[in-house]
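S.K.: Each protein sequence line maps, in turn, to chains A and B.
So the first sequence is numbered by the working numbering: it starts at 5 and just counts up by one.
So the second sequence is numbered by the working numbering: it starts at 105 and just counts up by one.
Accuracy of the hints is not assured; some may be wrong.
[Stated by the list, open to error] Chain B is faced by these chain A residues, among others (derived, beta-carbon under 7 Å): (1) ARG46; (2) VAL167; (3) ALA176.
Hints in this document: simulated from the structure, not taken from any laboratory.
Beta carbons: idealized from backbone N, C-alpha and C, even for Gly.
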Amino acid sequence: MVGEALGWLTGPLSYPFMVRGLTAAVIVGVVCPVLGAYVVLRGMAFFGDALAHIVLPGVVVAYLAGWPLVLGALLAGVIAALGIGAISEQARIKEDSAIGVIFAAAFALGVAMLSTQRGYAVDLVHILFGNLLGVTSQDLVWMGVLGLLALGAVFVFYKELLVLSFDPVLAATLRLPAHFLKNLLLVLMAVVIVVSLNAVGVTLVLAMLITPASAAYLLTRRLPSMMALGAAFGTLSAFLGLYLSYYWNLPSGPAIVLVATAIFAVALLVAPRRRHLWSRWRRGAPDVRPA
Amino acid sequence: MLIHPAVHVDASPAVEFDGVSLQYNGTAALRQVSFRLERGQRVAVVGPNGAGKTTLLRVVAGTLRPDEGRVDVYGERPGGHICIAYVPQRSQIDMAFPVTVAEVVMMGRIRQIGVLRWPRRHDWTIVHQALASVEMGELARRQIGELSGGQQQRAFLAQALAQEAQVILMDEPLTGLDLPSQEAIFRAIDRLSQSGVTIVLSTHDLNLAAERFDQVVLLNRALIAAGRPERVFTPENLQRAYGSHIHRLVDGEGLMVLTDTCCEGDEVGR
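The following block holds chain A by itself, in its conformation from the complex (with noise of 0.2 Å):
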C-alpha cells in the first residue's frame, strides 16, 4: 500500500519536466494568494482578471522580438495597470468600463498581432492556458526572482498596505503615500499575473489571484492568516492540481484551478456561518436609528 502511493508520488517525478512544472506551480501557489488577499479585500478582482488578459500584446510582442516572454508581459502589465488608474482618476467614465475598453482591446491586439504567425493556433493555447510542462530552467529562475521579489514587497510595506485597504479616510488623514500604494499594488499584480502565465495562462491566472484568498477569507480572522492559509491552499491545488493532469491525462491549469475551486468549496461548506451571514447583514443594513 504504501509503496504505491509512494510510486504514485514519485512516479512523475523522475520526468524533469515533470519537476520544473510541480516547482513553478508552486511558486504560482505560494505568490498568487499572497497578493491574491489584498485583491479579495479591496474587491478587485475583475481589474485583475482584465490586467491578465491585457499581458498578451506585450507577451506577443516578446515572442515575435525573440525576448523572454516574461519582460513584454510585464511591461505590458504595468504600462496598462499605471495606464487603467490615470484614467480612473479622471473619472469621466465609470472605472469599470474603462478597464473594459482597455481591456478586450489589448486582448484583441494580441490574438490579432498572434495571427500573423504560422503555428499561431498552439502558441495561443499555451498562452490562455498555460503550459506547465513546458517551463524552463530560464523561465523558472524569473519567476522564483520576481515572486520572492513581489513577496517582498508585500511583507515590507504590510502595515501600510494595511491601513489603505481597511481604512482610506486614516491613510489620507495620517497622509501615507497613497498614490504611490495604490500603484505599487496594481504593479505588483502585474508581476505577479506573469508569475503566474506559464502555469494557468492569461484566462485562468484570474482563478489563481482569486479562489484559493478567498477559501482562506471565509476562514481566518487576521490578514497574515489568510495570507498563509491562502499559499498553503495555491500550494496544494499546484500539487494535486499537476499529479491529477499527469494521471487523467488533463490539462495542467484547468486541473490546477479545478482543485482550487473544490477547496474553495469544502472552505464554503465548513466556514463558520455566522462570520459572514453576520457582517454581510451587517454592512447591508447599517443599524442606523431614527435620530
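Starting from the known structure of chain A, arrange chain B on it as the hints suggest.
M.R.: What follows is chain B alone, placed relative to chain A:
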C-alpha cells in the same frame, strides 16, 4: 507676553476657522465659516442633513482644502506637526475585514512606527493603554466585525488615542448606539478633554449636544452660531438652522430639552 512672544503661539486656539468656504460637487458645502475652539474642549457640530458637518470635520483633518479662508489647528495649517485624528462614520468601514481590534488601534501608530519598521514593545503598550482607557482591554484579540456598534466606535476612538492626537474628530460616533454605549464613549471623551485633548464630533442629537458639550457649532452650510450651548440654542438660531421643525423647551430646573423632528429623510437642509 511682550517678553515671550512664543506664549502667543502656545495660547493659540485649538481650531480656528476664518472665512472658510468650500465647494463640493459644484455646490457650496461651507460658506464663509468663522469660529474658534479653545483647547481641551468637548465640541459638538450640529445642523440638519447636508449642513456640511462632515465637510467641516474633514477640513480640520486636512483631507479637504478650503477654496477660501484660513484654517489653523493649534496655530498651524492642518497637515503640519499637530497630530489630528479623524474617526470616520462606521458605515464607511468594511467591518468584515480580517483584522483584530488591537491591529485596528495599532494602525493609528503607523507614522510613529515609521516606514520599513514593525511595532515595538512601546507601541503595543500604548495600544493596550488606549484600549483600556475606552474600557475595551479584554476585546483586543477579537475580530473587529465581532464587536457591537458601540464597541467598534470605541475601538476607533482608541485608535485616535494611540495616535497621541491633540485634536480628535469624530463623525457621527453616537448614531445608532444604545445608551450604555453612548455613556462609555462619553466617559472616554470626558477623560480625554480633562487631559487637554480637544474633541470635536458631529451629531444629530441636539439634546446630547446641549447637555454634554462645552461648545456647540451650529451649521447650515453657513455658520449659524458657535459658543456655549445655551447661547447657541436660541429659538432664532434653531429657526435659522432647521426652519420650523424644531422646538425648544426649558423645564423647571433650567434644563434645555430640544426635540429634533427633522430627521424623516432629507426634507430639510437639501
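S.K.: Hint by hint, work out which the structure violates, then give me just those numbers in ascending order.
M.R.: 1
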